[in-house]
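Participant: Okay, so the sequence shown: first residue is 680 according to the working numbering, each after it adds one.
A hint or two may mislead.
The list that follows gives simulated cross-link-like pairs (lysine to any residue, SDA-like), each with its CA atoms no further than 25 Å apart [to be verified]:
id	residue 1	residue 2
1	Lys861	Ile880
2	Lys799	Asp781
3	Lys770	Gly821
4	Lys690	Cys796
5	Lys780	Cys796
6	Lys806	Leu835
7	Lys806	Ser757
8	Lys791	Leu835
9	Lys860	Gly821
10	Lys783	Gly731
11	Lys791	Asp801
12	Lys802	Leu886
13	Lys770	Asp715
14	Lys791	Phe756
15	Lys799	Ala699
16	Lys716	Lys806
17	Lys783	Arg750
Simulated restraints, written as ranges between beta carbons of each label pair [claimed, not checked]:
id	residue 1	residue 2	range
18	Gln803	Gln729	20 to 26 Å
19	Gln803	Cys832	31 to 37 Å
20	Phe819	Glu862	20 to 26 Å
21	Phe744	Phe779	16 to 22 Å
22	Phe766	His839	29 to 35 Å
23	Trp875	Arg713	35 to 41 Å
24	Lys860	Asp703	48 to 54 Å
25	Gln803	His753	34 to 40 Å
Treat the hints as calculated values from the structure; they're not laboratory data. Here a beta-carbon is modelled for each residue, glycine too, at the ideal position from N, C-alpha and C.
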Amino acid sequence: MYHKIRKYAIKGFILKHQQAKGEDIILTILSEHRVDKYYRFYGARHSILQFGYLIDFEIEENGNFLPRVRRVSHNGFSWLYNREKLFIWHKFISIFEPHFKDVKELDSIYFKSLLDCAQKWDKQSPKRLIIETITKLLNFEGRLQPLNRCAICNGLLNEHITLIDNFMPAHSSCANLEPIKKEYLEYLFKYNSTIWLDDDIVNRLYLIALKSF
680 MYHKIRKYAI KGFILKHQQA KGEDIILTIL SEHRVDKYYR FYGARHSILQ FGYLIDFEIE
740 ENGNFLPRVR RVSHNGFSWL YNREKLFIWH KFISIFEPHF KDVKELDSIY FKSLLDCAQK
800 WDKQSPKRLI IETITKLLNF EGRLQPLNRC AICNGLLNEH ITLIDNFMPA HSSCANLEPI
860 KKEYLEYLFK YNSTIWLDDD IVNRLYLIAL KSF
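Construct the complete structure from the given sequences, taking the supplied hints into account.
Facilitator: Quick look at the structure:
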């Protein structure tokens with residue numbers, strides 16, 4: 680059987696880890712320009728093939744089934760040994776695989792955003808990084824809405840508002856949530872920065888971000 684092997688290494692994040700037959704696994708991996716499924720024989724034996732990990736790998740294509748992962752190496756981060764930071768990372772990365780349903784080719788912003796987060800995860804607040812990243816991606820996709828009308832009642836918004844799913848703006852009374860100063864959210868949307876948000880607001884927006892985007 681003829682096998683075509685790509686001779687260069689690909690770097691990617693494991694977005695999903697599925698058991699196949701025996702000890703074989705199927706991996707969904709986000710690389711710089713694609714998200715694809717790959718097969719790995721006896722993958723369950725390899726500790727580096729874990730959900731959320733960044734790996735270098737080569738691809739073996741057989742033309743009949745999923746391409747196979749080979750020559751795998753792990754790009755480790757020191758925070759992987761911090762249980763709390765790893766838990767939040769798993770929560771964060773789990774929202775990407777459903778977002779890419781029926782999509783294969785991607786802009787590099789998704790991979791680069793995850794890589795940027797991974798490199799900062801041990802130095803900055805993971806929750807703030809998540810909020811800033813989701814804001815940036817929603818803006819890239821054209822889904823970040825102006826903070827002038829309520830997504831629930833369509834009424835005009837005043838200076839104290841809140842955000843709901845996908846960071847849609849709303850009256851705090853309509854959403855039954857604590858208000859946030861509009862100017863703080865305007866700064867977040869414009870500069871992708873949580874600098875003006877206190878920890879309580881960050882915790883609230885973090886939970887909203889994890890619902891998906």
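Participant: Go ahead and decide if the range 31 to 37 Å is satisfied by the Cβ distance of Gln803 to Cys832.
Facilitator: Check passed, 36 Å falls within 31 to 37 Å.
Participant: Check the hint pairing Lys806 with Ser757 against an upper bound of 25 Å on the C-alpha distance.
Facilitator: 18 Å, holds
Participant: Does the alpha-carbon distance linking Lys770 and Asp715 stay inside the 25 Å limit?
Facilitator: Holds - the C-alpha atoms of Asp715 and Lys770 are around 20 Å apart, at most 25 Å.
Participant: What's the verdict on Lys780 and Cys796, does the C-alpha distance respect the 25 Å limit or exceed it?
Facilitator: 22 Å, holds
Participant: Holds or violated: Lys791 and Asp801, Cα atoms, limit 25 Å.
Facilitator: Measuring from Cα to Cα gives roughly 17 Å; hence the hint holds.
Participant: Between the beta carbons of Phe744 and Phe779, is the distance compatible with 16 to 22 Å?
Facilitator: 21 Å, holds
Participant: Are Lys802 and Leu886 close enough, with their CA atoms no more than 25 Å apart?
Facilitator: 21 Å, holds
Participant: 20 to 26 Å was suggested as the range; check whether the CB atoms of Phe819 and Glu862 agree with it.
Facilitator: 23 Å, holds
Participant: Holds or violated: Lys770 with Gly821, Cα cutoff 25 Å?
Facilitator: 24 Å, holds
Participant: Please work out if Lys783 and Arg750 have their alpha carbons no farther apart than 25 Å.
Facilitator: 22 Å, holds
Participant: With 35 to 41 Å as the target window, see if Trp875 and Arg713 comply at their CB atoms.
Facilitator: 36 Å, holds
Participant: Would the pair Lys716 and Lys806 pass a check requiring their Cα atoms to be no farther apart than 25 Å?
Facilitator: At roughly 28 Å apart (the allowed maximum being 25 Å), Lys806 and Lys716 break the hint.
Figure legend: structure checked against the earlier numbered hints; hints not met, in rising order: 2, 6, 8, 15, 16 and 25.
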